[in-house]
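Those protein sequence lines, which keep their order, are chains P and W. The opening position of the first sequence corresponds to residue 1 in this note's numbering, with each subsequent residue numbered one higher. The opening position of the second sequence corresponds to residue 1001 in this note's numbering, with each subsequent residue numbered one higher.
Don't read these hints as lab results, they were simulated from the structure. Careful, some of the hints might be misleading.
As the list claims (entries may be wrong) - Chain W side only, calculated, beta carbon under 10 Å to chain P, not exhaustive:
1) 1030
2) 1037
3) 1069
4) 1073
5) 1079
6) 1081
7) 1117
8) 1118
9) 1119
10) 1136
11) 1199
12) 1232
Said to hold, decoys possible - Only pairs whose alpha carbons sit at most 20 Å apart, straight line, appear in this in silico SDA-like list of lysine to any residue:
13) W/1014 - P/29
14) W/1196 - P/20
15) W/1196 - P/18
Fair warning: this is a prediction, and the values are worked out from it, not measured in the lab. Think of the CB as a built atom: it goes at the ideal place given N, C-alpha and C, for glycine as much as any other residue.
2 protein chains.
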Amino acid sequence: MIDLCFRGQGGSHKPFTVLGIGDDASIHRPEPGMELVISTDTSVEGVHWPVDFDLLKAADRAVCAALSDLAAMGAGALAAWLNVMARDTRAVEIMGMGGVAALQRYDVELAGGDTSRASINALSATVVGQVPEGRAMRRDRAEAGDAVWLLGKVGFASLGIEQWLGGKQDGYFVQYLDDIHPKLQAGARLLELGVKCCIDVSDGVLQDASHLALASSVGMTLELSSFPGWEILCHKVGEKSAIRAVVSGGEDYALLFTASPGMGWLDSFATRVGVCTDDINVEIQLNGTTLEGLTGGYDHFG
Amino acid sequence: MIDLCFRGQGGSHKPFTVLGIGDDASIHRPEPGMELVISTDTSVEGVHWPVDFDLLKAADRAVCAALSDLAAMGAGALAAWLNVMARDTRAVEIMGMGGVAALQRYDVELAGGDTSRASINALSATVVGQVPEGRAMRRDRAEAGDAVWLLGKVGFASLGIEQWLGGKQDGYFVQYLDDIHPKLQAGARLLELGVKCCIDVSDGVLQDASHLALASSVGMTLELSSFPGWEILCHKVGEKSAIRAVVSGGEDYALLFTASPGMGWLDSFATRVGVCTDDINVEIQLNGTTLEGLTGGYDHFG
Chain P
1 MIDLCFRGQG
11 GSHKPFTVLG
21 IGDDASIHRP
31 EPGMELVIST
41 DTSVEGVHWP
51 VDFDLLKAAD
61 RAVCAALSDL
71 AAMGAGALAA
81 WLNVMARDTR
91 AVEIMGMGGV
101 AALQRYDVEL
111 AGGDTSRASI
121 NALSATVVGQ
131 VPEGRAMRRD
141 RAEAGDAVWL
151 LGKVGFASLG
161 IEQWLGGKQD
171 GYFVQYLDDI
181 HPKLQAGARL
191 LELGVKCCID
201 VSDGVLQDAS
211 HLALASSVGM
221 TLELSSFPGW
231 EILCHKVGEK
241 SAIRAVVSGG
251 EDYALLFTAS
261 PGMGWLDSFA
271 TRVGVCTDDI
281 NVEIQLNGTT
291 LEGLTGGYDH
301 FG
Chain W
1001 MIDLCFRGQG
1011 GSHKPFTVLG
1021 IGDDASIHRP
1031 EPGMELVIST
1041 DTSVEGVHWP
1051 VDFDLLKAAD
1061 RAVCAALSDL
1071 AAMGAGALAA
1081 WLNVMARDTR
1091 AVEIMGMGGV
1101 AALQRYDVEL
1111 AGGDTSRASI
1121 NALSATVVGQ
1131 VPEGRAMRRD
1141 RAEAGDAVWL
1151 LGKVGFASLG
1161 IEQWLGGKQD
1171 GYFVQYLDDI
1181 HPKLQAGARL
1191 LELGVKCCID
1201 VSDGVLQDAS
1211 HLALASSVGM
1221 TLELSSFPGW
1231 EILCHKVGEK
1241 SAIRAVVSGG
1251 EDYALLFTAS
1261 PGMGWLDSFA
1271 TRVGVCTDDI
1281 NVEIQLNGTT
1291 LEGLTGGYDH
1301 FG
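Using the sequences provided together with the hints, build the complete structure.
Quick look at the structure:
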C-alpha cells in the first residue's frame, strides 16, 4: 500500500538512499564525517488531534512533530518512514497525502513505511537527519550563566486545540494549528552559529525546560513576559490562561536553546527568555515574581 | 515514558549509537564501508494478533516482524525504535517488556521510541541494521534458472492464529505462534555465502514470491510438496487447507531466496522449493500439477 500510494512521493531522492521504497527494507549510504540523528513520534486521533479535525492536516502535523526533533538537534533532514494506521482506505490515502505534504515542504525523501487497518487513525513517523560528527545540539550542554532563548511561539497551538474542542472552530488561536513549521532551517543555523544546547518545546515550557536543566545539571529562570506573543495571549485569554498555555500547553514547534552570555546578537532571530543558574530548579517568573505551584507538562487531551 | 521504562533495556550498547534514549533524537556513527538497512513495521491488536492473545508475546512478535525484514536483506541488526500505543499504562509496560524481550534475544540496542495513549493496543517498530556496501540481498537480483529456496516453515503461524480465533487455544498449530525466531543469523550467513536475492515471507508464499519475481523480471515455479512440513500440514488440516495456509497464510518469519543452480550445497540449511523461469508468472504446483485459481496474500483478519 505504501508502495502503491506513496512511492516517488515526498521530497527529492538523496544520495543517502541507495534503495528506497519497494524491498523488505531501504538501504542507505551515510556521508563520511557525518553522524545520523534519528527520531520517531506517534500521533493518535483523539489524543494528539481532535476527532473532527482535518485528517490531512493532522497527518502533516504528526510528521512535523518528528521533524521538529531533528530541528532541535540541528540536523538536516534526509529521509522518513511513515506508519499509517487508519480506519479505512480513504483515511490511509488522506493521511498519506498529509504526511507526504510535510515531507515535500521540507524536501525529506520518503524511504519506506507501512499501512495497517486499525479501529483508530494514527501515524508514527520515523525521521533521519545528519549533522557533522560531534556537532549535534543536545540537552546536556547548558552551563550556569548561559542565556536561555526561544525560537518560535509557545502556547498558541494548545489554545487553538482548546478552542476547537470547545466548538469555537473559528476561534483566534485555531489559525495557529495551520502554522506547520518545524524549525529545521533555524535549527541548522543555530548549530552553524555555535549553539550547543537545544530542546524541542512540544509539551509545555516547564516540562521541556526541566528536561534540559536536568540533563545539563543546571537550574533555569524564565520570564514569561519576555515570551514571544505574551501580550497577545494575555489580551485574548487573560493572564491565568496565558500562563497555563505557555507553561504546560503542547503541540507547538518551538526550540528552546541556551548560549553563552556573549552571544547576545542571537536576538536577531530568537527571543531571550531567561538565564541558566547554578540552582537545580526551573523557576518561572512573571514580571520578576516567581510563580508558585506550577505543574507541567502537556498531557494532550485524550 | 520510554525514557523512564525502557532506558538501558533491550540489547547491549553498540558503537553505532553515540547517544541513545533521552534526548530529542538519538545520534549514530555508521561504520565506514557499511551501508545501513532500515525497516519499519506496525502490528495492531485485532488485526495482526487476536484481542485475547498474550500482549507480551504479541509485542515480541511485532518487533520480530521488523527484524525479519533485516534478516531478508542479510543485515546485522544494530538498533531499534519502538512506538507503543496502548489503552493504559499497564498495557504500555507489558508491550514494552515484550518488545524489549525481542531486542534482548537478538542483542539489538533500544535507541528510542515513544508511548501514546490510544483506544487500541498497537506497536510500530523501526529497526536499523548494517551490511557491507553494495552487498545487501535484494528482491531484484533473481535470474531465470536460479533455484528457489526456503528457510523456515510457512503456513504454520496462520493456522495457529486460525485455531486461536476458533477457540482452540490448545490446538496443534498454536505452538508455532511461540516460534519467535526471525532468521537474522541465517540471513547474514546467506549473504556471506554469496546469495544475492531474498525476501521475507510474511504474507503468504504466493504474494511474496510474486513480489520477488516482479522485481527481478522472472517467473517462478514452486512445488508445494517440497515445502518444509508439507506432510504435517496435510495430515493435520487436509490438503485444501494446507494449500491455503502455505499460499496465502501470513505471520511466519521465513526467508525465500534464489541462488544459481550450482549452489546445491545450500541444502544443508535450506529447502529447495522451486526454480526461476523466464516466464512472468509464479506457478504453484502440487506433485507436478499447476494449481489454478490461487489468490494471495494474507489479509490478516481484522
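Each hint, compared with the structure:
A distance limit of 10 Å between C-beta atoms decides the matter here; for residue 1030 of chain W the minimum to chain P is near 4 Å, and the interface restraint holds. Hint on residue 1037 of chain W holds. Least Cβ distance to chain P is approximately 5 Å, under the 10 Å limit. At its closest, the beta carbon of residue 1069 of chain W sits 4 Å from a beta carbon of chain P; the interface hint therefore holds under the 10 Å criterion. The beta carbon of residue 1073 of chain W is positioned within 10 Å of a beta carbon in chain P (closest approach about 5 Å), and the interface hint is therefore held.
The beta carbon of residue 1079 of chain W comes within 8 Å of a beta carbon in chain P, closer than 10 Å, and the hint placing it at the interface holds. Checking residue 1081 of chain W against chain P: minimum C-beta separation of about 4 Å stays under 10 Å; hint holds. A distance limit of 10 Å between C-beta atoms decides the matter here; for residue 1117 of chain W the minimum to chain P is near 5 Å, and the interface restraint holds. Here the hint on residue 1118 of chain W is kept, as its CB sits about 5 Å from the closest CB of chain P, short of 10 Å.
Taken as an interface hint, residue 1119 of chain W checks out: its beta carbon lies about 5 Å from the nearest beta carbon of chain P, inside 10 Å. The beta carbon of residue 1136 of chain W comes within 5 Å of a beta carbon in chain P, closer than 10 Å, and the hint placing it at the interface holds. Here the hint on residue 1199 of chain W is kept, as its CB sits about 6 Å from the closest CB of chain P, short of 10 Å. Restraint check, residue 1232 of chain W versus chain P: the minimum CB separation of about 27 Å is more than 10 Å; hint violated.
At roughly 19 Å between alpha-carbon atoms, residue 1014 of chain W and residue 29 of chain P fall within 20 Å of each other, so this suggested pair holds. Proximity of residue 1196 of chain W to residue 20 of chain P is assessed by CA-CA distance (about 17 Å); at most 20 Å being required, the pair is judged to hold. About 16 Å separates the Cα atoms of residue 1196 of chain W and residue 18 of chain P, which keeps this hinted pair within 20 Å; it holds.
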